[in-house]
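Single-letter residue listing:
Number of protein chains: 2
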Amino acid sequence: MPHNHAHDHSLSLFPTDDHDHSDCTSNLMSYAEQFCEKKGLRLTKLRRDILKEIAASHKAIGAYQLLDSLAANGKKLAPISVYRSLDFLQEAGLIHRLESTNSYFACQRNFEDDERACTNEPLLFLICDDCGTIGEVDGTAIESLIGDVTSKAQFAVERSQLEIRGMCLSCQQSETPGASHE
Amino acid sequence: MPHNHAHDHSLSLFPTDDHDHSDCTSNLMSYAEQFCEKKGLRLTKLRRDILKEIAASHKAIGAYQLLDSLAANGKKLAPISVYRSLDFLQEAGLIHRLESTNSYFACQRNFEDDERACTNEPLLFLICDDCGTIGEVDGTAIESLIGDVTSKAQFAVERSQLEIRGMCLSCQQSETPGASHE
DNA sequence: CTGCTATATGGTATATTGTAACATTATGAA
DNA sequence: TTCATAATGTTACAATATACCATATAGCAG
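Chains A and B are the protein sequences, given in the same order. Here this note's numbering is used: the first residue of the first sequence is 1, the next is one more, and so on. Here this note's numbering is used: the first residue of the second sequence is 1, the next is one more, and so on.
Some clues are possibly wrong.
Unchecked claim - Each pair of labels, with its calculated beta carbon distance range:
hint, chain 1, residue 1, chain 2, residue 2, range
1, B, LYS39, A, GLN172, 26 to 34 Å
2, B, ARG48, A, GLY74, 49 to 57 Å
3, B, THR44, A, THR44, 49 to 57 Å
4, B, TYR83, A, GLN65, 22 to 30 Å
5, B, SER144, A, THR44, 40 to 48 Å
Just so you know, these hints were derived from the structure itself, not from any lab. All C-beta atoms in this analysis are idealised placements derived from N, C-alpha and C, irrespective of residue type, glycine included.
Input sequences plus hints: build the corresponding full structure.
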C-alpha cells in the first residue's frame, strides 16, 4: 500500500496544518451531490459554487467576504442571494454558522457513512482565535450531560451549539517562547 | 420566620413565572455596587441605568431596544454609548451576551457568595424560543467533558459559551394540547 | 411540446447591529 | 489647582441581514 496513511482521520480532532485538504473538499462536494439527490433538494450552480468556496478551507468566512470572492470569479451577486444559499446549505447540514462571529464554514463530519451526517446531535466547535481554523467534534458525549441539566429544568431542547474559543496546537507552538513572563 | 420560602433558589434551574423578580433585581444591583467598589470599577449612572434596565427581566434585550427604553426615560443616547456600557457590564460579568440573537441579559448566578460570580467557568444558557426567558445553569459539569475533548485535540480553551434553545416548562404547558397529532 | 406551478434567483432598497474618530466632560490623584 | 485618565457626547459610517417585488428556471400535468 503505497498510499500515505499519515492523514487518515486527521480531522477527527482538529484539522492539522499538513492534511490533504483536497480530500476534504472533494468528499464534501460529492457527499453534497448524493445527499441532495437523495433528499430531492436542488444543489443548483449558485449553491454549489458557494459551498465550494466555503469548503476551500477550515476557516469560517463571512457572507460579504463570500460575495467578494464570488465577484472576483465573475459572479456579481446581491447579498440576499448569498444569504439564501447559505440558508439552504445550513438547513441541509452541509455548512454551519458560527454565531460568535457571524460567519460560515463547511461541515466536517465524516461523510463516508451517509447516515451520520445532518443529524440533530449537538454541535461542538473548537475555534482557534489565532488562525481561525475550526474543528468540529462529536458532541454526543456532551449530549447526555446536557440532557441531565435540561431534564432537571424540564426544558425541551430544540437545538444546541457549543462554540469553544481558544488556540489550536499549531498556533500554540508558533507563539514566541518566553513571551509569557515578559 | 414569616418569610415565604417558596421562592428560595427558584432560579437555580430556570426562572419560574411566579418568582419574586424584585429580589433578582435588587440582589444584582446591590451586588454590582459591592463588586465594582471592591474591584475599583466605576459603576456610573449610565452603566447603572443600563444594568437596571437589563435586570428588569430574565429575557434578553437588544442594544437598540435598550436605546429606546432609555430614550423613553428621557435619556437620549447614541448607540456607541450603550455599547460601551454593555462592554463594561459584560467584562464585569454582570450581564451576558447571547450570541445567537445579539442581545443581552442579566447574569443569574447566585450572588450571596461574592466569590462565585464572574469566574471563568463555562457559560451554559437555556433559552426559551417561545417566551424568550433565559436560565443560566452551572456549567462546571460540562467543563470536565469539554476538557476531555479539548485536551485530546491539544486545544487551549479560552472561553466557551453553550446556548441551548428550546421551550421552557411553562410554555410547554400552555401549548394547545392535542395539536401534536393533527 | 405547452402551459402551469413551485422554486430559485435578480434587483433595489432598507433594516439591524456595531464601530471609528475626535471633542468634551467628569473623576481621582499629585 | 493642575494634570492625567477614564467616561461620555457627537457625528459619521461599516458590517450584517432582510423585505419586497420582478424575473427566470425546473419539474410536472395534460
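How the hints compare with the structure:
no.: 1; hint: LYS39/B x GLN172/A: 26 to 34 Å; in the structure: holds (30 Å)
no.: 2; hint: ARG48/B x GLY74/A: 49 to 57 Å; in the structure: holds (55 Å)
no.: 3; hint: THR44/B x THR44/A: 49 to 57 Å; in the structure: holds (54 Å)
no.: 4; hint: TYR83/B x GLN65/A: 22 to 30 Å; in the structure: holds (23 Å)
no.: 5; hint: SER144/B x THR44/A: 40 to 48 Å; in the structure: holds (45 Å)
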